[in-house]
Structure formats: C-alpha cells, structure tokens
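Q: The lines below spell out each chain.
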Amino acid sequence: MDRSNVDTDQIIPKQFLKRIERTGFGQYLFFDWRFHDDGSDNPQFELNRPEYRGATVLLARRNFGCGSSREHAPWALEDYGFRVLIAPSFADIFYNNCFKNGILPIRLPEADVEDLFQRVAAHPGYQLTVDLQGCTITDAFGLAKSFEVDAFRRHCLLNGLDDIGQTLQHDEQITAYERSRGMVVGGR
Amino acid sequence: MIESNQPRTLFEKIWDDHVVYAEPGRQTILYIDLQLVHEVTSPQAFEGLRLAGRKVRQPARTVATADHNVPTTDRALPIVDPISLQQINTLRQNCREFGIRFYDLNDRNQGIVHVIGPELGYTQPGMTIVCGDSHTATHGALGALAFGIGTSEVEHVLATQTLLQQRPQTFEIRVDGRLPFGVTAKDVILYIIGRITASGGTGYCIEYTGEAIRRMSMEERMTVCNMTIEAGARAGLVAPDATTFDYLRGRPFVPQDFDAAVERWKKLPSDPGAKYDRLEKFAAEEIQPQVTWGTNPGQVVGVGGNVPDPTAFADPADQKSAAQALDYMGLKAGTPITAIQVDRVFIGSCTNGRIEDLRAAAGVVRGRRVAANILEAIVVPGSGLVKKQAEKEGLDRIFQEAGLQWREAGCSMCLAMNPDKLEPGQRCASTSNRNFEGRQGKGGRTHLVSPAMAAAAAVAGHFVDVRQLNQ
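Respectively, the protein sequence lines represent chains Z and L. Throughout the first sequence, residue numbering follows numbering that gives the first Met the number 0, covering 0 to 187 in sequence. Throughout the second sequence, residue numbering follows numbering that gives the first Met the number 0, covering 0 to 470 in sequence.
Errors might be hidden in some of the hints.
[What the hints assert, rightly or not] Capping the alpha-carbon separation at 16 Å, the derived lysine to aspartate or glutamate pairs in EDC-like fashion look like this:
#1 K387(L) <-> E355(L)
#2 K144(Z) <-> D114(Z)
#3 K280(L) <-> E210(L)
#4 K17(Z) <-> D16(L)
#5 K54(L) <-> E96(L)
#6 K54(L) <-> D114(Z)
#7 K441(L) <-> D31(Z)
#8 K441(L) <-> D464(L)
#9 K17(Z) <-> D80(L)
#10 K266(L) <-> D16(L)
#11 K144(Z) <-> E113(Z)
#12 K441(L) <-> D37(Z)
#13 K319(L) <-> D31(Z)
#14 K441(L) <-> E113(Z)
#15 K319(L) <-> E113(Z)
Honestly, the hints are just simulated from the structure, not real lab data. Note that the structure is a prediction, hence the values are computed from the model and not measured.
Could you build the full structure based on these sequences and the hints that come with them?
A: So this is what it looks like as structure tokens:
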C-alpha cells in the first residue's frame, strides 16, 4: 500500500464501530477504498488486485495507523488475515494495539521499505518470510534483514500471553502502591 | 528509579510518581489515577472482564458518559439508529453491573468526555488519566499525564488500575511572544503540526511552554493539548499555574482541601535546568489564522496563503501525499484559500466545543446572516453545562438569529457516527481535529479552522481572514 499517513478512519470507517463484539471486522477493512458505493469491489485498490489476494504481510509508508485509538483497526486487519505490518513508522497507539491482537508491526528504515516496494513490483507473487524468533525478514532473492522489537512484547506475542494476567502477577506491588498513597485498595 | 536530586521535567515527575513496577527490558507498570469511559471503545473491554471473571479494581476512579454516537437533536425523542442505541444501552448496563458512575443522556452533566472531565474537576494536575480515545491528551492542559489507549488497554486498566507503558521521550515546544490579534489556540496548534508534521511527535510526550502558552486561558490550553495526537504524540502537557488553580477551584470533584492540593501541584512544573530530549521554538508573532487544505492536519496553511503545489515539496512521499490530498479535496494548486467556498459549517467537538469557543464564534456572527450558499451550519456544545452557560449568555439566540442551528451536546460531526454528517463532495469549515478522508462522511471534504474562522466562513460563504471581517 504505497501511501503514507494511512489513518485508522481509513482502516475501519466509523460506521462499523458500533458493534459490541471484537470479531467480524475484516469484511469492513479499508471499506471506503475497497468498495464502490454499489458494494462492488474497487479494482484499483491494492487489496483487490489478484496478486495481493490472501496477503498476510502489509507493506506501507510512514505513520501508518495514525489518528483514532480505535482497536477496531487491528481487529479488522487481523480478521482479514494480516499477521505482519511493515512500514518506516507507526502511530504509537496503533502500534501498541497491534501487539494485543497477535499482529507484529515492524519498523524498517525508509530505504529498506522502498527496497521492499521495488521487490514486490519486480516479482509477481512476491513472498516474504518473517521470523519473530530470530527477528529476521528473508525472501527467495537473497534478502536478509533484521528488525528490532521490544523483548517483552516479543515474548508475549510468541507465547500468546495475556497482558492482564501478566500484570496481575504484580498485584502485591499494585496494592502496596495504593497503600503508600493512602488510597482505598482496589480489587477487594 | 526516582532521582530527586536531578532536575526533572513535569513529565518525569508525574511518571516517576506513578511507577508501580519497573524492570529493564520490559514495559513499566504505571498506576492510573482516572479512567474515562465512553460507549464506542468500551463494550469489548467489559465483555473481556466478564469472560475472565474479573472485577473493576477501582470503580471510583472510573467515570463514564455517552458522547460519540449520541444524536444532537431533541433528547426527548428516541434514538433512531438501533445499533447506536444498543451501544449506549450496553454502556449503561455495564456501568450498573460494575458500579461505575455514568453520566447518561438526560444528565445535565453529560457531554464529550474530554469536556466534562476538566469541567467537573475530575481532571487534576499530576494525575495519570487514560481513555479509549486519542484526544485524551486534552487533559494535559491541566498538567495531567493523559493519553489515549486501545480497548485491550481499557480492559487492562479496569482490571488492574495500571497500564503497561513504554516511557516516551520528552519534547518541549516553546511558543515565545504574544499572539497577534485574532489568532487563537487552534491556529497555534495547527501551525505547530504544520511545522513538525503529523508524525513529528511520534514516541514523545510534548510539553508546551513559552509566553504565548502561559498567557492562554485553561480552555485555550485544552485546544492545544487536544490536538497533540494529530502531531503523533500521545500526550501533551502544560505546567499547572495560577490559571489552572483558578479554573479548578470550586469544581465538584476537586480535593476537599483545595489549598493543600494547590501546594502539592505547585511542585509539579519542570525544575530549572531540566533537560528535554528535543526542543522546537516558534514565534507567536508569525502565526496567522490557519486553514487545512489536505487530508491530514499537518497539511495546513495561513489564511493569506494558497493551496500548495505538490511538486513544491522536497520529499517524494510528501509530494505524493499532497497530490492524493488535492485530488480528494477537489482543490487546484495555487488557489487562494479565501477563494474556497464552503457548503457546511460545524462548530463544536472536544477541540473547540467549550464556552470560550462558542463566545468567539458568536462574536463573529452577531448581527450577521449565514451566506446563501451555506446548506447547513450547526453549533454543538461540548457538554450540557456548556450548553446551559451559552444559553444563559444568549449565545443560542445569536446563533439562531444568524441562521445557525443550536444542538444538544456530543461529538457530532467531528466523526459523524451520529446522524450529523457530510454528503459526498460537500465542503465543510470545521472546528474539529481531523480532516482525514471520509472522517465527516464518505466523500466529505473537511477544512480544519478555529471557531472564529468557521463562523467567518459561515457568514462569508467562503474562507475569509476573520480579522478583516471584523473591521
């Protein structure tokens, strides 16, 4: 997706935020770009091109996911089938939200992202392998890049750990904090 | 962790004071003093609690209202959209089940969550505040570390009253000097975003400093902090001072021993010599009323300027982004901003739906009429209390006599989740915060401006420098 500043209003337009479930948002992903007013596919839109159907890696330009904090954006991306996002930068709230939903957002330098765009254009049906264990991205044409990701988040993603459960292991510290400030101790 | 002998910034003082648990190589567990909840980003969080059999740890530190998809027409009428109705009913039930205070639609205190927090005195200096909404940065105007979070994090805070956080870097944005006549807080923040870009603040907590900020009222500071996220930074801060304390005094939920609280709050501003990771300085004198021309808030120009030529940008990504924006906006490069006609006008939102905003807009339309080409101009107060105050001052009559509609409180056409929205191709002068494609309705074209500039566009039918209109 050769665009910068793709905002969460584009990823999942507001008319779909009224659902009270976490699931089923994939059908609305990029709705206003993906579909014509009569509901038919917009053939110009990247995800509708035959060679990109079924893609699990989304490549984009800088500041992907800017704007609203709506977690419906990663829910929609995940439900559609994306597992990895690659861009030069992501908006902070969106970046956090991805990790909570089994999506790996990877930041790469602008030049590396440009290189990937060129590889996609040069090789129809281009495929990438992303290894979260080793933090590497490889392809069949000799590409070998490493990426950085916070160790704890990587650990949680690899093991499918629940953040709340992790934090509640520190319940004593939370209670101690509340006591030290004269607060009513919560959760009782 | 706490190195109190080192000079610290306001951000560092608040952060250090809320660390529950920190360990190298992982996110800090940060205590959250207050969570604000609304209908759109909370249902899945409450459902998560139920599924896991968890409780809300601190119901008294959680406050809810419905704002995002509430109708702004007569509240006595039923909500027509069944899904909106379900979302609001779900929040009401969740609040009852988990023991959370809920400001319902017919409550006189109902309103946009970022308007009612400060207005009721929930928001206080030195606090950590979160909400499942990116404009939570608004509360930073009172010297609180406040930022938007996703729904999984809403659930995390409900269950644990803490959040896992990466410590952001610090960024001082200093606006020196005095603002020229007719230039407002909205113009200041749009100008800043135009300079540092829509992603310039990513990874930072911004603190706004300098004479122009210090001279601002509390409400003006809220406008500035509100749009911090449009520059990519999750949190924006202004150090608390006499303006802050005077604003808070007497509000319903401030500490009972207010004077003692003020003494504590006075210790919050950054110490002399405290270091920020980045500094940008701007001169207030150089800022003129701003109008966005593109589809992100950084695509902005002074009202005296023209729609830019995409090829004039140095960076290829910016060129492409500008060309895409002009295409969507139906604008030609080189068109003077004042030659752009508008179809609709929206005055309101968490950015500009407070009493001072409405006074500024009313001051412009007083004794004038909305231009013949304007299809609809609506004024949506940020809260029930703002509405009541405006009516006490007769602002509702001024708007209505000029041909603008006077509505009930809510987010309304800022994100168009309720019935207030643009039709395809319609152009809107809007006091909201986002000019993204389709934000105010599919195919709608949004130009972000201050309340005075929106009011001026309403009476002129096109953008006009409000300073000339007033002469």
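Q: Now tell me if each hint is right for this structure.
A: Now the hints, each set against the structure:
no. : hint                : verdict
1   : K387(L) <-> E355(L) : holds (13 Å)
2   : K144(Z) <-> D114(Z) : holds (11 Å)
3   : K280(L) <-> E210(L) : holds (11 Å)
4   : K17(Z) <-> D16(L)   : violated (37 Å)
5   : K54(L) <-> E96(L)   : holds (10 Å)
6   : K54(L) <-> D114(Z)  : violated (49 Å)
7   : K441(L) <-> D31(Z)  : holds (7 Å)
8   : K441(L) <-> D464(L) : violated (28 Å)
9   : K17(Z) <-> D80(L)   : holds (10 Å)
10  : K266(L) <-> D16(L)  : holds (12 Å)
11  : K144(Z) <-> E113(Z) : holds (13 Å)
12  : K441(L) <-> D37(Z)  : holds (13 Å)
13  : K319(L) <-> D31(Z)  : violated (20 Å)
14  : K441(L) <-> E113(Z) : violated (31 Å)
15  : K319(L) <-> E113(Z) : holds (14 Å)
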